[in-house]
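There are 2 protein chains.
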Amino acid sequence: MPKLSQIACLGLAACLCLFRDSPHHSLHISTAFALVGYVVTDALIPVLSPLFIKVGLHGKDLSKRDTPLIPETIGAVLAIVYLFLMFFFIPFMFYKFLVTTSGSGTRDAVRVSASAATDLFPHVRLAEYLSAILCLESMVLLGIADDLFDIRWRNKFFLPAIAAIPLLIVYYIDFGVTSILVPKFLRPYFDNATSVDVGWVYYVYMASIAIFSPNSINILAGINGLEVGQSVVLAAVLLANDCCYLFSSQKPNAYDAHLFSAYLLLPFVGVSLALLKYNWFPARVFVGDTYCYFAGMVFAVVGILGHFSKTLLLFLMPQIFNFVYSAPQLFGIVPCPRHRMPKFNPDDGLMYPSYAEFAKADLKNSSKTVPSVVSRPVAVVLLILAKLRLLDVKYTDGKISGCNNLTLINLVLVWCGPLREDRLCAYLMGLLLVMGLASVVIRHTVGAWVFGFDNLWVNN
Amino acid sequence: MPKLSQIACLGLAACLCLFRDSPHHSLHISTAFALVGYVVTDALIPVLSPLFIKVGLHGKDLSKRDTPLIPETIGAVLAIVYLFLMFFFIPFMFYKFLVTTSGSGTRDAVRVSASAATDLFPHVRLAEYLSAILCLESMVLLGIADDLFDIRWRNKFFLPAIAAIPLLIVYYIDFGVTSILVPKFLRPYFDNATSVDVGWVYYVYMASIAIFSPNSINILAGINGLEVGQSVVLAAVLLANDCCYLFSSQKPNAYDAHLFSAYLLLPFVGVSLALLKYNWFPARVFVGDTYCYFAGMVFAVVGILGHFSKTLLLFLMPQIFNFVYSAPQLFGIVPCPRHRMPKFNPDDGLMYPSYAEFAKADLKNSSKTVPSVVSRPVAVVLLILAKLRLLDVKYTDGKISGCNNLTLINLVLVWCGPLREDRLCAYLMGLLLVMGLASVVIRHTVGAWVFGFDNLWVNN
Numbered sequence: 101m102p103k104l105s106q107i108a109c110l111g112l113a114a115c116l117c118l119f120r121d122s123p124h125h126s127l128h129i130s131t132a133f134a135l136v137g138y139v140v141t142d143a144l145i146p147v148l149s150p151l152f153i154k155v156g157l158h159g160k161d162l163s164k165r166d167t168p169l170i171p172e173t174i175g176a177v178l179a180i181v182y183l184f185l186m187f188f189f190i191p192f193m194f195y196k197f198l199v200t201t202s203g204s205g206t207r208d209a210v211r212v213s214a215s216a217a218t219d220l221f222p223h224v225r226l227a228e229y230l231s232a233i234l235c236l237e238s239m240v241l242l243g244i245a246d247d248l249f250d251i252r253w254r255n256k257f258f259l260p261a262i263a264a265i266p267l268l269i270v271y272y273i274d275f276g277v278t279s280i281l282v283p284k285f286l287r288p289y290f291d292n293a294t295s296v297d298v299g300w301v302y303y304v305y306m307a308s309i310a311i312f313s314p315n316s317i318n319i320l321a322g323i324n325g326l327e328v329g330q331s332v333v334l335a336a337v338l339l340a341n342d343c344c345y346l347f348s349s350q351k352p353n354a355y356d357a358h359l360f361s362a363y364l365l366l367p368f369v370g371v372s373l374a375l376l377k378y379n380w381f382p383a384r385v386f387v388g389d390t391y392c393y394f395a396g397m398v399f400a401v402v403g404i405l406g407h408f409s410k411t412l413l414l415f416l417m418p419q420i421f422n423f424v425y426s427a428p429q430l431f432g433i434v435p436c437p438r439h440r441m442p443k444f445n446p447d448d449g450l451m452y453p454s455y456a457e458f459a460k461a462d463l464k465n466s467s468k469t470v471p472s473v474v475s476r477p478v479a480v481v482l483l484i485l486a487k488l489r490l491l492d493v494k495y496t497d498g499k500i501s502g503c504n505n506l507t508l509i510n511l512v513l514v515w516c517g518p519l520r521e522d523r524l525c526a527y528l529m530g531l532l533l534v535m536g537l538a539s540v541v542i543r544h545t546v547g548a549w550v551f552g553f554d555n556l557w558v559n560n
Numbered sequence: 101m102p103k104l105s106q107i108a109c110l111g112l113a114a115c116l117c118l119f120r121d122s123p124h125h126s127l128h129i130s131t132a133f134a135l136v137g138y139v140v141t142d143a144l145i146p147v148l149s150p151l152f153i154k155v156g157l158h159g160k161d162l163s164k165r166d167t168p169l170i171p172e173t174i175g176a177v178l179a180i181v182y183l184f185l186m187f188f189f190i191p192f193m194f195y196k197f198l199v200t201t202s203g204s205g206t207r208d209a210v211r212v213s214a215s216a217a218t219d220l221f222p223h224v225r226l227a228e229y230l231s232a233i234l235c236l237e238s239m240v241l242l243g244i245a246d247d248l249f250d251i252r253w254r255n256k257f258f259l260p261a262i263a264a265i266p267l268l269i270v271y272y273i274d275f276g277v278t279s280i281l282v283p284k285f286l287r288p289y290f291d292n293a294t295s296v297d298v299g300w301v302y303y304v305y306m307a308s309i310a311i312f313s314p315n316s317i318n319i320l321a322g323i324n325g326l327e328v329g330q331s332v333v334l335a336a337v338l339l340a341n342d343c344c345y346l347f348s349s350q351k352p353n354a355y356d357a358h359l360f361s362a363y364l365l366l367p368f369v370g371v372s373l374a375l376l377k378y379n380w381f382p383a384r385v386f387v388g389d390t391y392c393y394f395a396g397m398v399f400a401v402v403g404i405l406g407h408f409s410k411t412l413l414l415f416l417m418p419q420i421f422n423f424v425y426s427a428p429q430l431f432g433i434v435p436c437p438r439h440r441m442p443k444f445n446p447d448d449g450l451m452y453p454s455y456a457e458f459a460k461a462d463l464k465n466s467s468k469t470v471p472s473v474v475s476r477p478v479a480v481v482l483l484i485l486a487k488l489r490l491l492d493v494k495y496t497d498g499k500i501s502g503c504n505n506l507t508l509i510n511l512v513l514v515w516c517g518p519l520r521e522d523r524l525c526a527y528l529m530g531l532l533l534v535m536g537l538a539s540v541v542i543r544h545t546v547g548a549w550v551f552g553f554d555n556l557w558v559n560n
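Just so you know, the sequences run in chain order B and F. Heads up: the first sequence at position 241 corresponds to 341 in the working numbering, and the numbers run straight through without jumps. Heads up: the second sequence at position 328 corresponds to 428 in the working numbering, and the numbers run straight through without jumps.
It should be emphasised that the hints constitute simulated quantities derived from the structure, not laboratory data.
Just so you know, same-sequence chains aren't split out, so a pair can sit in one copy or run between any two.
Lysine-lysine pairs mimicking DSSO-like chemistry, simulated, CA-CA at most 30 Å apart:
{"id": "1", "residue 1": "Lys443", "residue 2": "Lys160"}
{"id": "2", "residue 1": "Lys256", "residue 2": "Lys154"}
{"id": "3", "residue 1": "Lys256", "residue 2": "Lys103"}
{"id": "4", "residue 1": "Lys256", "residue 2": "Lys443"}
{"id": "5", "residue 1": "Lys160", "residue 2": "Lys377"}
{"id": "6", "residue 1": "Lys377", "residue 2": "Lys256"}
Okay, chain B solo, but in the shape it has when bound:
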């Protein structure tokens, strides 16, 4: 039996398709696809979840009193729904070219009007779009492989770069722009050039984006709803940036690129919201690495093919902060326990920050403690961070004996905790949203000032 919310979504989708005269008709269609994606994902997850448990794809939720067994890798369901939506979207994306061409053989030769070459069927866009879906589908395949076989960290870190290969190759073949803008104050060192061609370095940069984006989603995780929640927030921020171009830009290239970005992001938000419903506290499903990789790759693809891969880094600031903040533990400068998730207290049902202990009790002589493993310079840095309220430090006998595990989640708990899991997730999402929207503003104010112009306003 379809639920009322599902019927409402489908009705709204149908309405959106009716406004044929709107200048943003294709965005209406894309939004309709998002709604359909929501309904389909919402309907499939409860049906397919038992199958995942049956074949052994499940995990225990350690932050609940009864540590329930719930299905894992449900991100794969969402990803497959998304991919098939994107297939069906192809004719709508090229609607205006289809209804006016004859439909036999090479459409390139058929001009819609005599006006300009822009009326030719945009094969470049089609190739870009197909390579984007191909890249996402490869990421899903590798993500499922990871969830199935539990690939080691040092190996799986590079998986996204493999999945990005089709994207980079098509970028190379079809677009090939490898120049970057030079900030105004650096131009005297580059013969006053506004841009400089960095060649193959640009491909390395794009591959790094493809590696960083999925992994950064993956490490800001560990509580119900956060993987999906942060992805929805990030998509919303990117869409806000797209809207700046879609509703005001005078530059057709930038308009097309951001339209492309919106086409990929709207259905992503749709399917993700359905998953969020099931992954929200108390979670009935886990999303799996498949989802983190998939979501991260959506952002990387949007950034690369929307030609704002540098701006993307600005929007990924919270994830970058989390990565930099985690780095001392990831690289072994500060002791890193097996898990860095916040600590669940079964008595009050709240989450508390978890701590890394610097001085472990010697197991053989339980009365003695081994000396602190943190060197003096590190201790100084930790104390400065503590002063800045970026760290909670524990003392034993006047010496640093531990600090909270270095993740954004624990930091928020240090600031506002203890919190129930869903409030913690909501606080984090709010923080990400504020930082993201601030980034959009910075992009079009400070960015315009640093580079001397903003592609939002200037026709260059």
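Chain B is fixed; fit chain F onto it per the hints.
Same frame as chain B, but now just chain F:
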């Protein structure tokens, strides 16, 4: 440690890339990719097989004395190697367009020479190629889902049609030809037209090809090596047909289409041969439905994008025969036991045809037998088939009491059995090869006569 055969393959691949002046240089590169694919698959299968067993993807080989447990779904390894090979092949496929263009922005605008529009970057080909890989990758995803979740027959029968959606959509957008040739003797009924446009029926036909081809590979299976063996033979037959065009055709369109087909088939043969090595009697791995679907879809894609989807049916004759021959059991006209695999005799280690029993012993009164379940007209047909040596019939008290299970495998055993499993597979592969090569000859002799011309010779 790399094996000698692997080093030899890589050396040969390197040599093939050296003949830059050859008019068939791109085919050399494709063959080199096939060799690399062989080496990579050959190296990966033994490394990854234990992982598949560990996560529960395994099956028992019932045609061996000790029914060993061996890994299942190894086709997924091959498929992923193939897909990544195809990604890396993209720049080589468009090599001549890349080395002569400037490499910034829209290459469409850059003419290599002033001669003709054919020198433009072939975005149509790129879109076709990407949609082909997308379709294959979707099939792999659905195949893995089937192997994991064991989807029901009536559901999984249509999975290939879902995977073919990107292919059909891109065909619609980019090529859109939906007319079929009319045989000479039928032309008077069509106003003497040489071709007739069948519109959307053509898309239904292509979807049917996409459904039939993978499923037909899937039902001609059950003994070690046969799934891969028949695919390799079929690919060889298709390549033989391609060679007719590549080394003699005067028609650039046909040449391009068959070059495209060869690009997809050569690496497929490479990776499949490596899998055959491990799947050959006594099998160390099972290929899984993933492989059958994937291989069948390779043929469907090649047929559709190579624009010979009707000819493809001719090459699939042995599979069609197997399907038609099986139909009475599949549709319940003749009793169908749970498994129709040939019977393994542990005493002599040979395979014997398996039989369907028409009159089962009544379990309650073990002395009586229930009357035959086969009606009189069916019995007559069975007797005619038996006369034609297409069936082995068993009699009890002068009445038909059973016949061999209706599969090509059992039929070959009726003709030549009993046989050891590897010889049975070799016989079947030989039969398929002879029938396939005969089809190629028929295509270019009888076909040319029926349609009045052959696109191999005539420029039309």
